[in-house]
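Asks: Please arrange chain B on chain A, whose structure you already have, making use of the hints.
Take a look at the letters that make up each chain.
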Amino acid sequence: VIDVFQGDLHKAGMKPLTFVRQVLAACVYPPLINSSNLPLDARQRTQEELGRCVGGSVGEGNVCGLMTWKKMKMLVVQDPQGGAEKTHRTQLSLLCDNYYFCGFGPWLRTQALLNREASPRTGVLIPVPCHNKTVLSIMQLGAVAVPYYLSEEQGWALQVEELQRALESAKGVCNPVALYIINPGNPAGIYSSQCGDQVIRFAWEKRLFLLVDEVYQDCVYGENCEFVSYKRTLSEMGPPFSGTVELASFHSVSKSFSGEYVCGLRAGYVELVNLDPAVMKYIHTLFSKDSCETVLGQIALDLMMDPPKPGDPSYLLYKQEIEQIRTVLVHNVKRVHEVVNSLPGFSCSPIEGGLFAFPRLHLTPKAIQKAKVTAEMQEDPDTFYCTRLLEEGGVFTGPGWEYGQKEGTYHIRFCIAVPQDVMEELLRRLSSFHMTFMKDFS
Amino acid sequence: MSQQAVNGVSHRGRVLTLDSMNPNVKRVEYAVRGPIVQRAVQLEKELKEGVKKPFTEVIKANIGDAHAMGQKPITFFRQVLALCSYPALLEDSKFPEDAKQRARRILEACGGHSIGAYSASQGIECIRQDVAHYIEKRDGGIPSNPDNIYLSTGASDAIVTILKLLVCGEGRDRTGVMISIPQYPLYSAALADLGAVQINYYLDEDNCWSLNITELRRALSAAREHCNPRVLCIINPGNPTGQVQSRQCIEDVIRFAKEEHLFLMADEVYQDNVYAEGCQFHSFKKVLFEMGPEYSNTVEMASFHSTSKCYMGECGFRGGYMEVINLDPEVKAQLIKLVSVRLCPPVPGQALLDLVVNPPQPDEPSYATFMKERTAVLSALAEKARLTEQIFNTVPGITCNPVQGAMYTFPRVTLPQKAIDKAKELGLVPDMFYCMRLLDEEGICLVPGSGFGQREGTYHFRMTILPPTEKLKVVLQKIQEFQLRFTQEFS
Chain A
1 VIDVFQGDLH
11 KAGMKPLTFV
21 RQVLAACVYP
31 PLINSSNLPL
41 DARQRTQEEL
51 GRCVGGSVGE
61 GNVCGLMTWK
71 KMKMLVVQDP
81 QGGAEKTHRT
91 QLSLLCDNYY
101 FCGFGPWLRT
111 QALLNREASP
121 RTGVLIPVPC
131 HNKTVLSIMQ
141 LGAVAVPYYL
151 SEEQGWALQV
161 EELQRALESA
171 KGVCNPVALY
181 IINPGNPAGI
191 YSSQCGDQVI
201 RFAWEKRLFL
211 LVDEVYQDCV
221 YGENCEFVSY
231 KRTLSEMGPP
241 FSGTVELASF
251 HSVSKSFSGE
261 YVCGLRAGYV
271 ELVNLDPAVM
281 KYIHTLFSKD
291 SCETVLGQIA
301 LDLMMDPPKP
311 GDPSYLLYKQ
321 EIEQIRTVLV
331 HNVKRVHEVV
341 NSLPGFSCSP
351 IEGGLFAFPR
361 LHLTPKAIQK
371 AKVTAEMQED
381 PDTFYCTRLL
391 EEGGVFTGPG
401 WEYGQKEGTY
411 HIRFCIAVPQ
421 DVMEELLRRL
431 SSFHMTFMKD
441 FS
Chain B
443 MSQQAVNGVS
453 HRGRVLTLDS
463 MNPNVKRVEY
473 AVRGPIVQRA
483 VQLEKELKEG
493 VKKPFTEVIK
503 ANIGDAHAMG
513 QKPITFFRQV
523 LALCSYPALL
533 EDSKFPEDAK
543 QRARRILEAC
553 GGHSIGAYSA
563 SQGIECIRQD
573 VAHYIEKRDG
583 GIPSNPDNIY
593 LSTGASDAIV
603 TILKLLVCGE
613 GRDRTGVMIS
623 IPQYPLYSAA
633 LADLGAVQIN
643 YYLDEDNCWS
653 LNITELRRAL
663 SAAREHCNPR
673 VLCIINPGNP
683 TGQVQSRQCI
693 EDVIRFAKEE
703 HLFLMADEVY
713 QDNVYAEGCQ
723 FHSFKKVLFE
733 MGPEYSNTVE
743 MASFHSTSKC
753 YMGECGFRGG
763 YMEVINLDPE
773 VKAQLIKLVS
783 VRLCPPVPGQ
793 ALLDLVVNPP
803 QPDEPSYATF
813 MKERTAVLSA
823 LAEKARLTEQ
833 IFNTVPGITC
843 NPVQGAMYTF
853 PRVTLPQKAI
863 DKAKELGLVP
873 DMFYCMRLLD
883 EEGICLVPGS
893 GFGQREGTYH
903 FRMTILPPTE
913 KLKVVLQKIQ
923 EFQLRFTQEF
933 S
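Order-wise, the sequence lines are chains A and B.
Once you know that position 313 of the first sequence is 313 in the working numbering, the rest is easy, because the numbers rise by one and skip nothing.
Plus 442 on top of the position in the second sequence (first one is 1) and you've got the working numbering.
With the rest of the complex left out, here is chain A (with noise of 0.2 Å):
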């Protein structure tokens, strides 16, 4: 079974970045640091993550800010400056009390902002299609998910008339406080700074609270896409926004390719701006009672941010390897647009972002029918598919309904990060199943 359903590379076959893995694995057993099977950058390198620990262990457990200083300057450094707007973004990212370590992804802390005992309940403008654990994250935090469409003829863009519309909806309803945005999306989008800058107008107009989800932030493949982070947008765009709208961004190592797609360390970060100080006293109560993430999480993150240079001796092969995972990605895209695209009843906007393909199903009224009245319990015409297609042609994906899709629209979602080998067997296997399920349900 080719199991593309999660956005997992390793599980997939992608191979880790050796560099990384010698790292942590030097940090796990230090007698490795005088081992000459190791090039002397990794050893030197954990020599120094292993000197911000106290007692030079991994195994102890650190408040939040161990790593901090250090990511402040990566993340500086990786902002391009521009003039007057310098002294800004640095004033906004040299804050170290604003970065703090999340092994979960950004739902688990919004609790601060989630007032479970709100009436009428506090709202999130969530988009359609989402990250499947999102509508459950919120529900569980006890507030309402606000839908708002992605245009899928536009690229699944975001357009600014949507969010109006959704956040109309909301009225009577609920209290939306935040607005989320998967920048590049999962499964779909990737949005230009423009939007970036429409969307903070919007978000300081409405007073929404901006939740910035950034992890695919190195998965960008469209020739003029470029990754901007909604940070750089909002101090690029100055006074009034810069300095008053609330922003929470959001970055992990499971998704980041110059990182190592750890998803099974569990180590992300989260940056915030504009926060009330009275409010981030609490947010540091609430970081340290959930004792810290992973130390090699942290380590994790922070060779992503600091990789070996031109120079160092694992710099070569470090280039290569990410440079092996990005022309597969690259690859895969196309081929997936191509492929998709050849197939009667199928369509796939081209995947500009983020590690997954959410391709259309077009079927016709007869054909919804016919899947309905087959399938063995009812279910709709996406999951129906997906189950024949894992059944019959042995490929694991997702039916579009589990992210969100407009109402009649059906669709699937797989992830494109696998070796080319297999991303072929892949589509191969697609191909034939779909051409015998439209001849099937016509």
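Just so you know, these hints were derived from the structure itself, not from any lab.
Any given hint could turn out to be false.
[Claimed, not checked] List of simulated lysine-lysine pairs, BS3-like, C-alpha gap at most 27 Å:
1) B/779 to A/133
2) B/774 to A/281
3) B/468 to A/206
4) B/468 to A/281
5) A/406 to B/779
6) A/133 to B/774
7) A/281 to B/779
Replies: Frame of chain A; chain B shown alone:
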């Protein structure tokens, strides 16, 4: 500072303010990393900057972080984890064969043979099976079902997850959770966060912090007036008190839970940390089953363990598990759903847990070193426990119960009335005042008893027994000197 504020324009209202914030968050406090630690960090910063202080280092005896205090990791565990992190090392002859075998087995069970892959939300299956075997062996053969084992991110994650399932209801029907006073503040923080009702039952300081059924009954009936008590939490061995419950006591608690229809949460993370003569760890599960089917078929329970304590001290790996007993199958389905939202516990932590429950056996090459290291850690802790109790009891104004187990001492300190008054003047709880002064004067960071709960009018502090023996002796002496000075100053 926003441009507007700089310009003197009134600040446009924020979305997230103290008023609009989730009110439960305001109720959350976590003393172990609270204000006193923040002060300690501040002092460390100042020391680094060269500011002169009456001490050269801040000794953080506040948190149960063994490695930060110099405890060495277990070689075998780290070897296997290194092999798992960088499998190319499997070719390195410097690693023993038994370590390689275990690494291969773990990698085999991981997606893509990598610890970088997500695992199943409940945890890697073969590891859950190993945990179940470990429990069976530990409990004299009483069966353990791997389906009832949920791997977690440290024990804290599992504890909060279960509480989430248990807390419900409004007003008088709101779930009440019984916790021991003194308690480990994760519980009070989690209850505050979830908006549950905290029901305090007091441990008996005059009797070695033992648990008293009469006191449980008192707390329960009082609580029934204003909430719906459904849960009883026990930490055994205890934190911060270190008491190891007798078998009889555990039976009494189980009986009580059954009579009063309470869900039992048994926090057993310190199960290997038992030092006192005549004390022994009895797992709640074992006792439950030995009490016969009337109890073992009905009492609902969750027990918790972790890789952060005992002889491993690997807090940074966030490894742990819980075993649930007699959980309603439909609730189990909800539990699976809950844990799936956070995807999976860190895989290195799961791997480490596997080694803890499946350590080197007598016939394996790494056995001798492993036992040596394990014994060294545990016997050092036992010695420090004894030393601490002995020394504190010689200090006038400080009384200390025997540290039977765990990693802490929770001595009682008698504060002169003048000191209490002074504290009030400064708006500080008296033991916080005491601890802050100790920190400022001697650079020793402890946690005031108020962070754990204590009987009204009594004051305590919690100190870990983790610093290396020589350093611990120095710490004890400094506290002694401080205590004398303090008492004199406020006499």
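Asks: Hint by hint, say whether it matches the structure.
Replies: For each hint, the structure was consulted:
no.	hint	result
1	B/779 to A/133	holds (10 Å)
2	B/774 to A/281	violated (36 Å)
3	B/468 to A/206	holds (26 Å)
4	B/468 to A/281	holds (10 Å)
5	A/406 to B/779	holds (26 Å)
6	A/133 to B/774	holds (19 Å)
7	A/281 to B/779	violated (32 Å)
Comparing the model with each earlier hint shows violations of hints 2 and 7; every other hint is respected.
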